[in-house]
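Colleague: Now for the letters of each chain:
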Amino acid sequence: MTTTYRSVHQRQPRLEGAAKVTGGTVYTADLRLHRMVHAKALRAPYAHALIKRLDVSKARAYPGVVGVFTAADLPQHLPRDGANRLHTVLADKEVMYYGQPVAAVVADEASVAEEALDLIEVEYQELPAVLDILDALKQDAPPVRHSMAGIDRSELAAHTTLAAADEQTTEKTPPNVTHRMVWSRGDVERAFKEADVVVERSFRASWTHQGYIEPMSGIVDCDRNGDYTVWTSTQGDFTTREGLAKVLGVPETKVRVNFVEMGGGFGAKIQPFGAVLPAIIARILRRPVKYIFSRSEDLRSADPSSQAYIETKLAAKKDGAFTAFKARAVYDSGSFPGSPLMAGANLLGAYYKFPNLEIEGLEVITNRVSQGALRAPGTPQATFAIESTVDIMAKELGMDPLELRIKNAVTQGDLMPNGRAFSKIGLVEVLQRFKETSFWKNRNGKPSANGKKVGVGFAVGGWLGGGSPSSASVELNADGTVSVMVGANDVTGTNTSFAQIVSEALGLPIERINVKTGDTSLAPYAGVSAGSKTLRTVGLSVQRAAQDALDQMFKIVSERLECSSEDLESVDGQIRVKGSPEKAITFELLGTMSTGFGSPTPVILGRGNVGTPAAAPGFTIQGAKVEVDPETGEVNILDAVCVQDVGFAINPLSVEGQIQGGVAQSLGLGFSEEMVWDDKGVLRNPTLLDYRIPTALDLPRIETALVEVPVEGAGPYGAKGVGEPPIAAGAAALVNAVSDAVGARVYTLPATSERILAALGKLPG
Amino acid sequence: MNDFEYRAPASVSEAVALLVEKGERARVLAGGTDLIVQLRGGRFTLDRMVDVKGVPELNQLRYDAAEGLVVGAAVPCYRIYEDELVAAHYPALVDAARIIGGIQIQGRASLGGNLCNASPSGDSIGALIALEATAVIAGPGETRSVPVEQFCTAPGRSVLGPGELLVALRLPPPKPRSGAHYLRFIPRYEMDIAIVSAGVAAVLSPDMSSFVSARVALGAVAPTPLFVTEAGAALAGKPISEESIALAAEAARQAARPINDMRGTVEQRRHLAAVLTTRALRGAVARAKGEQVNGH
Ligand SMILES: Cc1cc2nc3c(=O)[nH]c(=O)nc-3n(C[C@H](O)[C@H](O)[C@H](O)COP(=O)(O)OP(=O)(O)OC[C@H]3O[C@@H](n4cnc5c(N)ncnc54)[C@H](O)[C@@H]3O)c2cc1C
Chain V
0 MTTTYRSVHQ RQPRLEGAAK VTGGTVYTAD LRLHRMVHAK ALRAPYAHAL IKRLDVSKAR
60 AYPGVVGVFT AADLPQHLPR DGANRLHTVL ADKEVMYYGQ PVAAVVADEA SVAEEALDLI
120 EVEYQELPAV LDILDALKQD APPVRHSMAG IDRSELAAHT TLAAADEQTT EKTPPNVTHR
180 MVWSRGDVER AFKEADVVVE RSFRASWTHQ GYIEPMSGIV DCDRNGDYTV WTSTQGDFTT
240 REGLAKVLGV PETKVRVNFV EMGGGFGAKI QPFGAVLPAI IARILRRPVK YIFSRSEDLR
300 SADPSSQAYI ETKLAAKKDG AFTAFKARAV YDSGSFPGSP LMAGANLLGA YYKFPNLEIE
360 GLEVITNRVS QGALRAPGTP QATFAIESTV DIMAKELGMD PLELRIKNAV TQGDLMPNGR
420 AFSKIGLVEV LQRFKETSFW KNRNGKPSAN GKKVGVGFAV GGWLGGGSPS SASVELNADG
480 TVSVMVGAND VTGTNTSFAQ IVSEALGLPI ERINVKTGDT SLAPYAGVSA GSKTLRTVGL
540 SVQRAAQDAL DQMFKIVSER LECSSEDLES VDGQIRVKGS PEKAITFELL GTMSTGFGSP
600 TPVILGRGNV GTPAAAPGFT IQGAKVEVDP ETGEVNILDA VCVQDVGFAI NPLSVEGQIQ
660 GGVAQSLGLG FSEEMVWDDK GVLRNPTLLD YRIPTALDLP RIETALVEVP VEGAGPYGAK
720 GVGEPPIAAG AAALVNAVSD AVGARVYTLP ATSERILAAL GKLPG
Chain C
0 MNDFEYRAPA SVSEAVALLV EKGERARVLA GGTDLIVQLR GGRFTLDRMV DVKGVPELNQ
60 LRYDAAEGLV VGAAVPCYRI YEDELVAAHY PALVDAARII GGIQIQGRAS LGGNLCNASP
120 SGDSIGALIA LEATAVIAGP GETRSVPVEQ FCTAPGRSVL GPGELLVALR LPPPKPRSGA
180 HYLRFIPRYE MDIAIVSAGV AAVLSPDMSS FVSARVALGA VAPTPLFVTE AGAALAGKPI
240 SEESIALAAE AARQAARPIN DMRGTVEQRR HLAAVLTTRA LRGAVARAKG EQVNGH
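Chains as they are written, first to last, in numbering that gives the first Met the number 0: chain V, 0 to 764; chain C, 0 to 295.
Hints listed in this document are in silico derivations from the structure and should not be mistaken for laboratory results. Just so you know, these numbers come straight off a predicted model, no measurement behind them. Please note that the accuracy of each hint is not assured.
Claimed, not checked - Under the rule of at most 30 Å between Cα atoms (straight-line distance), these lysine-lysine pairs were calculated in the DSSO-like manner:
#1 C:Lys288 / V:Lys452
#2 V:Lys352 / V:Lys312
#3 V:Lys394 / V:Lys445
#4 V:Lys423 / V:Lys316
#5 C:Lys237 / V:Lys451
#6 V:Lys440 / V:Lys406
#7 C:Lys174 / V:Lys451
#8 V:Lys394 / V:Lys440
#9 V:Lys92 / V:Lys51
#10 V:Lys761 / C:Lys237
#11 V:Lys394 / V:Lys92
#12 V:Lys245 / V:Lys515
Work out the full structure: start from the sequences and follow the hints.
Modeller: Encoded structure:
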């Protein structure tokens, strides 16, 4: 029997969407407060240097300047943790990456603060910089930085449910290796000897930026009671509160973070980089301080996604059965530890059944800006490596690459590299569904013409998904409308989906439901909006809170109508006796009863709170059809598709939007996006002209196909996380398509026209 | 950014006077799509901006079969590609005008600004060189004419002296049996800067079997847009064939002396110089024969 739904599983336009697309939404940079001042940072021009002299006297004297701050001017009693970037507000004697803030000027106007930056005199002594990921592995490499203690892995925890207990650290590690782990099972060496075909390759993926449109920004006020109020572009109001409280050394009750809409984060805005500096200065000045990154500052000094170097070795029998997989994955964390090594290394060996497996993972630090999360952090890099390797294997075996993948795909009970077994997953279903897409049916549609070559490629992707406890409240108002409050930052349309969930649970039209993200002093707690977990975790709390509210209403109605709660149903804004719809009480009446002066009826206030729900890995297959100009290396993407297991699509419109956005981003990683540094570690392309995010004209229409393999208890109606899986495989699919088109393979992401020409042997050297 | 004065003269002589008065501290404003971006980016400071969009001579767009085409220095790109006579007689100019920026930019950006900005990758410059355009320059002294290939002297620098101003670009009428084509290579579909570009014009023999002459210009492979006379010379008198075109392409490759930067490497640029020269030549020949050729 198929259940029919009235609200969930329906295409619901984003409730806040019209305001956004018409420019009506207010962002942090739009806000102005009484007595507000503006902070600007002076940023280091070197990747690694000692600060020999820092003279801010001229800047202090500049008209309009309120204050100039260096590391020495910051309150010395604040907790310091040199290995955690949040605590390293301004460079303290040592510069560890190009663009690191060295001093901050605060002025009445942002333009004045900027002018005064030019008056600060700094004398640097350049130090050797470690930039290349392989150089960083060397035993005799110069150290990237002095302080190495107290590695902060909280960001990784926000993304996956992997435990840090899987780590193993060996004694004599090179100075810039901050983490090493090995996972193994079976006997890989023996399996390689007994294999029919072995494929061995190495891959690189470049540093990329998340490409959010709103740069890092924050406004922090500190009043005379020492209470902080914060507006900042963040994915997590509560994590911002936690981070600020730690850095400031104050209780969390002293920090109130307001919800402001965020113009994109994609993982970069998990840590409150926009709020720490203004918070510390606000504490000193007792005035609201505004700090907005310029586009170029954001590209230079935020927290982009790390580069990786991955070696793979795959063994198979003639029939296509994979027998062993060995890999070495090195992730560059930039100047502070905390890379997505564990997540990446695990997914590297998680898509297929490997009876024998050995994965070594290494994290290195380099003199580059510290890395942050980017949507399924670590996964596009790992997926590029494994999915290129599998494509090569298909060719070597003479097998159809899709059949090879279906044959080896993991199912329930199979082991991930970290030793955990998969619960119910939908990878095989996704691969089967792929054959029914119009992409697949039309894959031979356009022949090569005009010397251009057309090719088709695809790749498997996935994301295990994170989880965290959450809570929500649902309250009936006097007029019969319903207010829902959550603490989760709506970054993907989650509040719209919450409204659908409440609408479904209460039988109340969505127009009568209002979902708000409250500030941290009022809202029920929710974790950061990351790890594809917001809808499935907070959504469960919302669902429970709605049920709780409904139970309370049923109790009142059953007493009034003298029937049992079991005989009641809630339909179209009234609670009525099943089978006799004339016996009903409307939400309006209940609202009046539960709020009226002197009324004996209690307020209807539903509460939902859950711990981390069951894991719900989401798998995809992505396809790309490309036309390559073999003389220029130019790639034109003709067609793209993503088939994804979403568990249950609460709002298919928003799910498809997430998938299309993820695919667009993944194709950017595939062919155009790359941060380019010179040999001294200076970023050469800190503009959106030269950091090439694909434009709408660079992308085809993106086909989506939803597969629903619900997992009980993972999320409302069995929903899974959908935001991150669709970025995993697009780059790999694109490179496989290019290889199909021109017969040459690119081993470094992105597959730029130049790398394609080089792979074709058209460039000397 | 400091405060500066905005002036909008109504005549060339008034514009020149305003420029002379402030010397280096004054700049001409046409569409502003380079100037304002550079000013806000802190590349220079100004005391005066002289907006020439109100000067009639700089806004003329006139074609005459005997005289050829006059493009006022401030005429925005959209007027060029929407003009039927320009499209009919100078399709290579349309190739360039259509790809500068996007629709919004083309509503403002001028060929005069593109040339005076003197970027090695300026998209109109290769087309103008191929089409034998000359720059008409007014200033405190005599009005003078400079062939476009001699106009740019270094990145961002040109032959314009203090107080001088570009008034118009003059293009001779197209020769019989001639055709021209402009192409660039960018990594994205639009909104990018040429890694290499090629502007080519060719005149064919009366029986359409050989090249009488050809002009080849390359962008983004040298400090200034490059007029590659060797490539043209390689074609003069040669039969129209892939072999002849390959000779010119090789000459273009040899002449290119690009740099490595974040947009491309030396090897890639030299390779592309040959590829684009080949393709632009094929397009020019096709147009000379009266065939339709699309731009980018
Ligand atoms: C988003 C964007 C995309 C772009 N894409 C491209 C592209 O694809 N290809 C390309 O080539 N360019 C591109 N540009 C650069 C720019 O748009 C072009 O160079 C344009 O043609 C400049 O013309 P303008 O009228 O705006 O010049 P302005 O900015 O007004 O002037 C440019 C320079 O020339 C000087 N100048 C202007 N007119 C005169 C004159 N009559 N006499 C003397 N000096 C003068 C100015 O003082 C200034 O130094 C792009 C710019 C932007 C912002």
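Colleague: All hints are to be evaluated individually against the structure, with a verdict given for each.
Modeller: Results for each hint:
no.	hint	verdict
1	C:Lys288 / V:Lys452	holds (28 Å)
2	V:Lys352 / V:Lys312	holds (15 Å)
3	V:Lys394 / V:Lys445	holds (22 Å)
4	V:Lys423 / V:Lys316	holds (27 Å)
5	C:Lys237 / V:Lys451	holds (28 Å)
6	V:Lys440 / V:Lys406	holds (21 Å)
7	C:Lys174 / V:Lys451	violated (33 Å)
8	V:Lys394 / V:Lys440	holds (21 Å)
9	V:Lys92 / V:Lys51	holds (7 Å)
10	V:Lys761 / C:Lys237	holds (27 Å)
11	V:Lys394 / V:Lys92	violated (54 Å)
12	V:Lys245 / V:Lys515	holds (27 Å)
The structure fails to meet hints 7 and 11 from the earlier list, while all remaining hints are met.
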